[in-house]
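Engineer: So the chains spell out like this:
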Amino acid sequence: MELLSLFDITFFLLVAFGTLVGIIFGAIPGMTATMAVAVCLPLTYALGLHNGLALLLGLYVGGISGGMVPAVLINIPGTPSSITTTFDGYPMAQKGEGEKALRICVIASVFGGLVSAAVLFLFAPLLADFSIKFSYVEKFLIILLALSVIASLSNSMLVGIFSGVIGVWLSLIGDYSTTDGGNGKTRLMFDFMEPYLFEGFSLLPVLIGIFGISTILLEAEKGIKSEVSGKSVKVSKDAGFSLSIFKGSLTNLTRSSFIGTFVGLLPGVGGSAASVLAYTQEKNLSRDSSQMGKGAPQGIMASESANNALTGGALIPLLSLGIPGDSTTAVLIGAFTLQGIQVGPLFIPENTETWYVMMTALVFANIVMFFLMFYAIKHIAKVVLVPKHILFPIIVMMCVVGAYAINYGIMFDVWTLLIFGVVGYLIQKVGLEVAPLIIGFILGSQAEVYFVKSLESAGTFTTFFTKSPIAVVLWLLILASVVFSVLMSRKNRAKQLQNIAS
Amino acid sequence: METGLSSLLSISVDFENSHLFFPTIVSWIMAVLFVIVLATKVAPFLVAVKKGERSLPILGEPMDAWRFFGTLALIAAYFYLMAVVGNLFPYTGYGFLIVSIVFVLLMSLMYMHKWTKKSLIIVATNAVVAPSLVWLILAKLFAITLP
Amino acid sequence: MMVSKKVMTGVGSAALITTMAMGSSLAVAQELQGNVRVVIGSTSTGADTYQNSSFVVDELAEHLDINMKVDAVGANAAFRTLDRDPRGNTLMIFHDYAYLGHLYGVEGFSDIFEKYAIGPAVSINPGNAYLVPKDSPYENLEDIIAAAGEGETIRVAIQPGGVSEIGFSALKNAIAIEHPGQEDNLVAVNTGSQSDKNQQLFDDQVDVINGSVQANEQFTRLPEDDQKAMRFVWLTASEETIEQAPEDGLGETSREQLLEYVEPNVNVTMGDDESFTFDKEFFFLYNKDMDPAIVEQIDEALAEIYEEGEIQETLKDSFFIPNFMPSDEAEAHLKEKAERYASIIENIK
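Chains as they are written, first to last, in my numbering: chain U, 1 to 502; chain H, 1001 to 1147; chain X, 2001 to 2349.
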């Protein structure tokens, strides 16, 4: 076959190497797939197009996957899209099931990655045409749907929604960016803050501040009592893991993978919305979701399959519209232009070879990721055995590196860590809820842009209902999600009353 | 009727002030929710505190003040000095490297409950090796800008 | 008074560090030394500013044999970083947005000609373009100006405040000159990224979009019945600039075809027979207090690099036009350019 002549051993080694480096980047809190790709971009110049893409796609897949490691083991999402992995992954790790949780993550990830690669391969141009049916209004409704998860995620619905609104409010601090079509003016702050807060708080430092630094503060308050963070680690050979955990989860995995692919496909709707949406849908639709948030494997499966499915999804608009689906693919555009290749609606028909090369790299990277992670987990999971007085300073140091490097060297991002570490500490002390707040923060600024732009162009609120059939469908989904969470909270309250009565 | 409703729903967003449009809405929602939370959650809680049934967060809880405030102070000093020292050696990452070594060492010592010779050696080695490794890989190998 | 040993060592090592730092700066006085960081006004590492900067900076680093690194920190952070460092360890590269932002009154922008020193110009991105749907009733820009003159509302998707808006402003100005009082028929629809602008066109929410040759060329080759098909009506670059582009142009659109959309074939008047053009130029910005010797050093080094001619090939391969101007020349040129555009923006207020 002619195609085979395109590949040599270097190609596969580069994919594998890229995946490995990507996993390491992803596993460091604050280092992301985007950064891994950006850092290695100059290398691709020397490598040539195909080998360069091999390396970059490996980095991409590895970077997205690596985020699961700190999410599960130390409750810090390594990348924003692994936030929902912390909800169930960390409780499992605390029960001594970290290794098991990570294995579930890996399998869910490879599933999501391969499903999205298949979708990319088979339906890219078709889906690109579908994606342009989503305009401001529809994108706003998708964000709203993802935000509706807040209601079902919280212990007390009122407090949860309040926390979520605080998160949205915090995300609006700074300028209404001209790159989003805004007028570039700042709001919600005083003039003296402008030099630091012009662009608002960056997402990643906020995330690792709230999750990482505040956890350390909470522990410090208690005096760093227990020596190690995992209570006990199950030492059985298979760590309590067997494939039977996945029994009955095919629907969940498939649904989450498609949600991930779909969100990736929509330019401008950030990747973290993918895992949040998948997580909610699992919570709403599964037969028994009572354990979700307390260490349920199904939560991890939803989250991880969705965030790995992003990879294939985000490549669809890149390769068939020339428009990046997320921040990492935005950097990939650079790789193409460096090599003098144009991406756009004619990319696939005009560069068939490159297209096949990319598909091969994507699939192979997922496989490499699976084997690297699955067999390394046993050793990685031992992180929880490191004494806290060694582990915590290192976590702080890594958080600093990540925060400083995320926007290519801005000191204020490091201070953001401390600010939100303290904020996160206070939030948990006064009984506000962290997860809704963070989800509000992640989605807030996108909600603003799409909301305001919808109104600007339509001039009436009715546009949200009458814009298109897609909008109507999204409204039904939002309604269902809200009704469901109200019912859930009623049921929970009834149960609590029953418990008290008996 | 119809026209009344549609004029009620119609809106024109002035671009010059559009940066305040959404924040105003969110601020109002937040304020209303805050009042409701105050009335339904905080007030009953404060009453319970007064009766002595529950205690205030942070203030009414036992706390390892030395480690807690020590952590805060140490982190603040770490961030501050990193930039200061880094400024002496522009864009080499030495600021990060030097200050991190000191920080990791001090924080480890603060968190350690029993000081033994063995554990001190481990802590000291870690304080030198971990930051150096990070610096070597990121600043040198990948040329990432560090303070 | 007792001074503890600890304080003494502290003071001692601080002094040592300072002397070391000072010493090294004295040794190779007034030239670039140590590690140099080049901050750029864009946060994207996939976009044109980063690419141009890294081409130039890589060459420069090799030529001067020092470590240089491009960091995509964004306009606001870049200006602030530059403010704080007069030593020459921080340099900045940006394009016309640097002064256009100020002219349009965008928050956070100040007058660069006053606050900073202008360094050498290095290259041009000739791609700034305006497009219409392939089945648009407007054949060319002349039709659009005429239609607006007859009272038709024409909506243009742009990103406010910068390179994307200047072409729009010039067009509005041209309508005001040719059809006085009708210029308000040209309406700006403020959008963000290229994907948002394209989307507005697909949705028939706008009649014209700002785009670029690089990002939109493939869309112009789609069949007319495709919802996504577009066609160019105007490239803002000057004829002289496009003439320097590779003969093959970009994708399947040759240089000759591109020249059809450039003045004098497309005429956007500025009054007095003068025609508006806009080249998006990339140039260095320095801290005002930086040693003039460094300015000279970089000017010389770049002159030699452009003399060798290799960088021109690299730039052209990526559809950029090499355009070296030493600092003085660049400053005079950009000042004059800014004044011209200031008058347009003033006219249509």
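Careful: at least some of the hints might be erroneous.
[As the list claims (entries may be wrong)] Capping the alpha-carbon separation at 20 Å, the derived lysine-lysine pairs in PhoX-like fashion look like this:
no.	chain 1	residue 1	chain 2	residue 2
1	U	LYS294	U	LYS467
2	X	LYS2228	U	LYS294
3	U	LYS133	U	LYS382
4	H	LYS1140	X	LYS2228
5	U	LYS225	H	LYS1114
6	X	LYS2069	U	LYS133
7	U	LYS382	U	LYS95
8	U	LYS222	H	LYS1114
9	U	LYS429	H	LYS1118
10	U	LYS222	U	LYS495
11	H	LYS1140	U	LYS429
[Claimed, not checked] Distance windows between CB atoms, simulated:
no.	chain 1	residue 1	chain 2	residue 2	range
12	H	LEU1046	U	PRO42	29 to 39 Å
13	U	VAL483	X	LYS2349	19 to 29 Å
14	U	GLY459	X	PRO2223	16 to 26 Å
15	H	SER1027	U	ILE419	46 to 56 Å
16	U	THR352	H	SER1132	20 to 30 Å
[Stated by the list, open to error] Residues of chain H clear of chain U, computed beta-carbon distances all greater than 10 Å:
no.	residue
17	MET1030
18	ALA1043
19	GLY1052
20	ARG1067
21	THR1092
22	PHE1103
23	HIS1113
24	ALA1127
To be clear, the hints were calculated from the coordinates, so they are not data collected in a lab. Glycine included, C-beta positions come from ideal geometry on N, C-alpha and C.
Engineer: Each hint should be assessed against the structure and marked as holding or not.
Structural biologist: For each hint, the structure was consulted:
1. In summary, the hint linking LYS294 of chain U to LYS467 of chain U is not supported, as the alpha carbons are separated by about 40 Å, beyond the 20 Å threshold.
2. Pair hint LYS2228 of chain X plus LYS294 of chain U does not hold up; C-alpha atoms about 47 Å apart against a cutoff of 20 Å.
3. Taking the CA atoms of LYS133 of chain U and LYS382 of chain U, the gap is near 47 Å; set against the 20 Å cutoff, the hint is violated.
4. A threshold of 20 Å between alpha carbons decides the hint, and for LYS1140 of chain H with LYS2228 of chain X the separation of about 46 Å lies outside it, so the pair is violated.
5. For the hint linking LYS225 of chain U to LYS1114 of chain H, the alpha-carbon distance of about 12 Å falls within 20 Å, and the restraint holds.
6. As the CA atoms of LYS2069 of chain X and LYS133 of chain U are separated by approximately 41 Å, the hinted pair breaks the 20 Å bound.
7. Taking the CA atoms of LYS382 of chain U and LYS95 of chain U, the gap is about 14 Å. The hint holds against a cut of 20 Å.
8. Of the pairs offered as hints, the one joining LYS222 of chain U and LYS1114 of chain H holds, with about 16 Å between alpha carbons and a cut-off of 20 Å not exceeded.
9. Only pairs whose Cα atoms come within 20 Å are accepted, and LYS429 of chain U paired with LYS1118 of chain H is rejected, the gap being roughly 37 Å.
10. Straight-line distance between C-alpha atoms of LYS222 of chain U and LYS495 of chain U comes to about 32 Å, which puts the hinted pair past the 20 Å bound.
11. For the hint pairing LYS1140 of chain H with LYS429 of chain U, the CA-to-CA distance comes to about 41 Å; that exceeds 20 Å, so the pair is violated.
12. Roughly 59 Å separates the CB atoms of LEU1046 of chain H and PRO42 of chain U, a value that falls outside the hinted 29 to 39 Å.
13. Take VAL483 of chain U and LYS2349 of chain X: their Cβ atoms lie about 52 Å apart, and the range 19 to 29 Å is violated.
14. Taken as a hint, the range 16 to 26 Å is violated for the pair GLY459 of chain U and PRO2223 of chain X, whose Cβ atoms sit roughly 34 Å apart.
15. The hinted window of 46 to 56 Å between SER1027 of chain H and ILE419 of chain U is violated, with their beta carbons roughly 20 Å apart.
16. Remark: the range hint 20 to 30 Å for THR352 of chain U to SER1132 of chain H is contradicted by a beta-carbon distance near 48 Å.
17. Taking the minimum C-beta to C-beta distance to chain U, about 5 Å, the non-interface status of MET1030 of chain H is violated against the 10 Å cut.
18. With a minimum CB-CB distance of about 13 Å to chain U, ALA1043 of chain H clears the 10 Å threshold, and the non-interface call stands.
19. For GLY1052 of chain H, the requirement that its beta carbon stay farther than 10 Å from each beta carbon of chain U is met, with the minimum near 19 Å.
20. For ARG1067 of chain H, the condition that its CB be more than 10 Å from all CB atoms of chain U is violated, with the nearest at approximately 5 Å.
21. Distance check on THR1092 of chain H: its Cβ is at least 13 Å (rounded) from any Cβ of chain U, clearing the 10 Å threshold; non-interface status holds.
22. Listed as outside the interface, PHE1103 of chain H is inconsistent with that label: its C-beta sits roughly 7 Å from the nearest C-beta of chain U, within the 10 Å cut-off.
23. Listed as outside the interface, HIS1113 of chain H is inconsistent with that label: its C-beta sits roughly 7 Å from the nearest C-beta of chain U, within the 10 Å cut-off.
24. Separation of ALA1127 of chain H from chain U is inadequate, the least Cβ-Cβ distance of about 8 Å not exceeding the 10 Å criterion.
Checked against the numbered hints listed earlier, the structure breaks hints 1, 2, 3, 4, 6, 9, 10, 11, 12, 13, 14, 15, 16, 17, 20, 22, 23 and 24; every other hint is satisfied.
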